[in-house]
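Enquirer: Single-letter residue listing:
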Amino acid sequence: MIKALKILNRLKRNHLIRDYAIGGGYAVSYYLEPILTYDLDIFLMMDTDEEFHALYDYLKKAGYKIENVYIVIAEMPVQFLPSSIHPLIAEAVREAKRIRVKGIYTKVLKAEYLIATLLMAFRPKDRMVIPQLLELADMKKLKSIIERFSDEKTPLDKRLQRILESIR
Amino acid sequence: MRKLLWIKDSKEFWKVFGEEREKRRERLRRLPFAKKIEIVEKMKRMGVMKSPH
Chain A
1 MIKALKILNR LKRNHLIRDY AIGGGYAVSY YLEPILTYDL DIFLMMDTDE EFHALYDYLK
61 KAGYKIENVY IVIAEMPVQF LPSSIHPLIA EAVREAKRIR VKGIYTKVLK AEYLIATLLM
121 AFRPKDRMVI PQLLELADMK KLKSIIERFS DEKTPLDKRL QRILESIR
Chain B
1 MRKLLWIKDS KEFWKVFGEE REKRRERLRR LPFAKKIEIV EKMKRMGVMK SPH
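These protein sequences, in sequence, are chains A and B. Every letter in the first sequence is one number past the one before it in the numbering used here, and letter 93, counting from 1, is 93. Every letter in the second sequence is one number past the one before it in the numbering used here, and letter 53, counting from 1, is 53.
Be aware that one or more of the hints could be misleading.
To be verified - Straight line, CA to CA, 25 Å or less: simulated PhoX-like cross-link-like pairs of lysine-lysine:
#, chain 1, residue 1, chain 2, residue 2
1, B, Lys44, A, Lys107
2, A, Lys3, B, Lys35
3, A, Lys3, B, Lys44
4, A, Lys3, B, Lys42
Rather than coming from a laboratory, the hints here were simulated on the basis of the structure.
Next up, chain A with everything else stripped away, as it sits in the complex (with noise of 0.2 Å):
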């Protein structure tokens, strides 16, 4: 994970990801205890395909294996998620909270845009985690966030009343 990191910092430096902030499970496990994770989030400052395709086509030639939706950067599966896909992650992003762990500096995603995201995938592992995060969101950052980026496609304000509901 730390060589990762590394990686991602060397990235940045050339000019091939703009920013980045992890995001996931091991941003869960930076704010809760530590929880099982098979792969790295990481959220993408990147508003076009063609830098995305560009980063992909940059690490292919330089060997990283890619497996399915993972690049595999010092042996850890990396999910790259840009913020083209939703205008929530662009945010989320530079908004992050900037930490230094082991001596490398990086982002982690705030607690607010955690859950926000969580509720975007809004799988039963992230149901599980969302209401022991909300214990540490400040309510009306997060209600502000979910209002703005609430759509049909993703109707995060729903999401959000029935997580909120199920803890009532």
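Assemble the complex: chain A is given as a structure, and chain B must be docked to it using the hints.
Expert: Showing chain B alone in chain A's frame:
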């Protein structure tokens, strides 16, 4: 957790069990991120979870 072995009443057992589990979770939550990463990687090495993918 050791005191759980001596509890005969099931209601009391689950009460203490829940309290102990919360204490453990709280302790784990407070660990530095680097330590949490080590724990996750150790769990992966032990093969506790197979990849869902």
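Enquirer: Against this structure, judge whether each hint is valid.
Expert: Against the structure, the hints:
For the hint linking Lys44/B to Lys107/A, the alpha-carbon distance of about 23 Å falls within 25 Å, and the restraint holds. Between Lys3/A and Lys35/B the alpha-carbon distance is near 15 Å, which keeps this suggested pair within the 25 Å criterion. Restraint check: the Cα-Cα separation between Lys3/A and Lys44/B comes to about 16 Å, which is no more than 25 Å; the hinted pair holds. With a C-alpha separation of about 16 Å, the suggested pairing of Lys3/A with Lys42/B holds against the 25 Å cut-off.
Checked against the numbered hints above, the structure violates none of them.
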